[in-house]
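A.B. asks: These are the residues of each chain, in order.
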Amino acid sequence: MSISGSGSALLDVQDVTMRFGGITAVKALTMKVPQGALYGLIGPNGAGKTTIFNVLTGVYQPTEGEVRFDGSRIDGKKAYQITELGVARTFQNIRLFADMTVLENVMTARHLRARQVLADAVVGTPRHQIEERAIQAYALELLKIFGLDKVANEDAIGLPYGSQRRLEIARALATDPKLLLLDEPAAGMNPQESRDLMHLVRWLRDELKLTILLVEHNMKVVMGICETIQVIDYGETIAIGPPAEIQRHPKVIEAYLGGG
Amino acid sequence: MRPRTKLIAIVVTMAVLLGLNQVVEYGFGEFQVNPYYARIINLVGINITLAVSLNLINGLAGQFSIGHAGFMAVGGYAATYLTVYHGQELAGLAGTTLATGLGASVAMAFSLLVGACAAAAAGLAVGIPSLRLKGDYLAIVTLGFSEIIRVVILNIPAVGGATGFTDAIPITNFFWIFAMAILAIVVVRNIASSTFGRALAAIRGDEIAAEAMGVRTTRYKVLAFVISAAFAGVAGGLSGQLFANPLNPQNLNFVKSIEVIVMIVLGGIGSTTGAVFGATALTILPEALRPVDRQFPGLRMVIYALVLILLMIFRPQGVFGRRELGWQWLRVRRSR
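Residue numbers (this note's numbering), protein chains in the order written: chain A, 1 to 260; chain B, 261 to 596.
To be clear, the hints were calculated from the coordinates, so they are not data collected in a lab. All of these numbers come straight from a predicted model, not from anything done at the bench. Keep in mind that the hints are not guaranteed to be accurate.
Here are the simulated SDA-like pairs of lysine to any residue, each with C-alpha atoms no more than 25 Å apart in a straight line [what the hints assert, rightly or not]: (1) B:Lys266 to A:Pro126; (2) A:Lys178 to B:Glu467; (3) B:Lys394 to A:Gln92.
One side only, chain B facing chain A, incomplete, derived with CB under 10 Å [as the list claims (entries may be wrong)]: (4) Pro263; (5) Ser454; (6) Arg458; (7) Ala459; (8) Arg464; (9) Glu471; (10) Ala472; (11) Gly474; (12) Val475; (13) Ile487.
Think of the CB as a built atom: it goes at the ideal place given N, C-alpha and C, for glycine as much as any other residue.
Required output: the full structure, derived from the provided sequences and hints.
C.D. replies: Next comes the structure, spelled out in C-alpha cells:
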C-alpha cells in the first residue's frame, strides 16, 4: 500500500465542494478514513451525505477539492475506474439488477475481476467455460456468507427487503474492494435485521479486513458499530469524534433537534 | 461442449446445410421445391440474422436502436459492390470463375466479410458518439444515420442509385443464408451467457449500478452495437445478392428497421429463441395471408396488424418473454 503525503488515511478527502448551479450541496468537506476503520457519516435529511458518496464513487465530479484513495487521486475518475481501484458501494434506494437472479447479480459484479476474453466467450473455448464456472463458484461462496445461497436462483427483486440490502453488500464485495461504502444499509430493516446487519458489518471489517464508510439514519446502528463519526449539516462538517462524544455534542443536538 | 464434440457439431451442421441447399436450390431427383417457397425460406434465414443481431443491442443491452436498415445497407452495398466489380478476380483466386460453385463461394465469403467489416466500421462511427445518449435520443440518432446512408446511396450511380443495385450477381444461396443465421445465433447466445452478456444485462438493468460495479458501460454498448451492425451487414450482403432481390434504397428505409424491431418484440425482446421465432413468423405470415388478399384486397395487412395488436394486448412481453429454448428441447431455461 502506498502512503500519501497526508498520513496513512486510506480515503483522504480534502476541501471538497460540490455545487449544483446555485446550490452548494457539500461545502469544503475534509474527511480522513484510516485503513481498517469503521467510519460513520451522519447528518439530518438533505445534509449532503449521498452527494458525498456520489462524489467518492465517481458519479459526480467535485466542483473543488481533491479525493485520494490509497494514495492516488480519484476525483474526476470514472465510476468503473474507481471501482477497479477498490472502492465499492451500495445504494440508498436499492439498485439491484432487475430480471437477474440473486446469483447473476453477484456474478455480474465479478465482471471486473473476471479473466474472460470476448473471443473466448464467442467461441465458447474450454478456458472460457472454466473461468465461467470459477465465477459461479465464487459468487455462490459469497452468497453463503450472506445466507443467500438458498435463494441463489430466485429473482433478486423478489427477495424481502432486508435480503435485498444484504445482496447489495454481497454484490459490492464481488468487486474485491478495499473500501466499502454503505449508503443507509439499515433503512427499512426491522430491529432484528438491523442487529444482524451490525454483526455482519463488524464481521466484514474484522475478517475481510475491509475499511467501511457508512451513511446511516438509524442511530442505534451508527452509534453501535462506528468508531469515528463525522456529522455534517448543510454540507458542512459540524463535529468529528467517537460516538459518545458525538451524542453529547451541542451542535449535533441542535442540528437534529433544532436550535432554540 | 468439448472441442471435439463442437467440431463434430460444426461438420454435421455444414453437411446438413449443404444437403438442404442442394434440395432447396436444385431439387432432389423428381422433387422440386416450389421456387416461391424456396424464396420465403431464404428470406426467413436472412431475417433471422437481422433479428438475432438486433436483439443483441436492443434486447440484451437495452439500447433502443432503429438504424438496423442503415447497417444492412452499408454492409449490403459494400458486399455487392465487391462481387460486381471484383467478383471474377476473387473467383480467380481459387482458379475458377463466378459461374462455378467454388468460385461463387469464394466470392461470397469475401463479400460477406467485407460487408461485415464495412457495417462494423459504420457501427463504430455511429456508436461512439451516440451511445452516450439514452433512450429516445439514441433512437433518433440511429434513425438519422440510417436515413443519411440511404440518401447517400441514392446518389451513387456506381451502385445503381434510385433504381437499386440491379447489377448484383445472384450468388446467395440457402447454405450461406442459414450458415450465417446459425453463426449469428451461436455468437449472440455465447455472448449472452458470458460475463460480457451479464455486463450488457447490467447496463440494461441499471446503468449507474453497472458502472459502480465496474462495468465500462459505454465501451460495452459500443461493442454490442458494432457486433450487431456487422451481422446486419452480413444480412445485407446476403439479401442484395439473392436472385432477383436487388438492394434498393427505397426498401432500406426506417420501415425496414421497424420491421426487424417488431420481430424481436413479437418473439420476446432479449430472447434469441424469440428473435428466431419472430423473424420466421413475420416473414411467413404476410405470405400465408396472400390468398385472403385475392378475395378481399387489402385485408391481409389488416389481419397482420390485428395479430400484432392482439399479441401486444395479451402477451406484451412477447411469445417467449426473456426465455430461451435450450439444447434439450422443451426444457425451457431461464436466461439473462
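A.B. asks: Each hint needs a verdict: does it hold in this structure or not?
C.D. replies: To see whether the hints hold, each was checked on the structure:
For a cut-off of 25 Å, the pair hint linking B:Lys266 to A:Pro126 stands: about 11 Å separates their Cα positions. With a C-alpha separation of about 23 Å, the suggested pair A:Lys178 and B:Glu467 falls inside the 25 Å cut-off, and the hint holds. Between B:Lys394 and A:Gln92, the direct Cα distance comes to roughly 23 Å. Compliance with the 25 Å bound is thereby established for this hinted pair. Because the closest C-beta pair between B:Pro263 and chain A is about 7 Å apart, less than 10 Å, the hint holds.
For B:Ser454, the interface hint holds, since its Cβ comes within 10 Å of a Cβ in chain A; the closest pair sits about 4 Å apart. Checking B:Arg458 against chain A: minimum C-beta separation of about 4 Å stays under 10 Å; hint holds. Hint on B:Ala459 holds. Least Cβ distance to chain A is approximately 5 Å, under the 10 Å limit. A least Cβ separation of about 8 Å between B:Arg464 and chain A falls short of the 10 Å threshold, and the interface hint therefore holds.
The criterion of a C-beta within 10 Å of any C-beta in chain A is met by B:Glu471, whose closest approach is roughly 4 Å, and the hint holds. Because the smallest distance between the Cβ of B:Ala472 and any Cβ of chain A comes to about 5 Å, under 10 Å, the interface hint for this residue holds. Interface hint status for B:Gly474: upheld, as the beta-carbon distance to the closest one in chain A is roughly 3 Å, under 10 Å. Of the supplied interface hints, the one on B:Val475 holds, with its beta-carbon coming within about 6 Å of a beta-carbon of chain A, less than 10 Å.
About 9 Å separates the beta-carbon of B:Ile487 from the nearest beta-carbon of chain A, less than 10 Å, and the hint is met.
Hint compliance for this structure: every hint is met.
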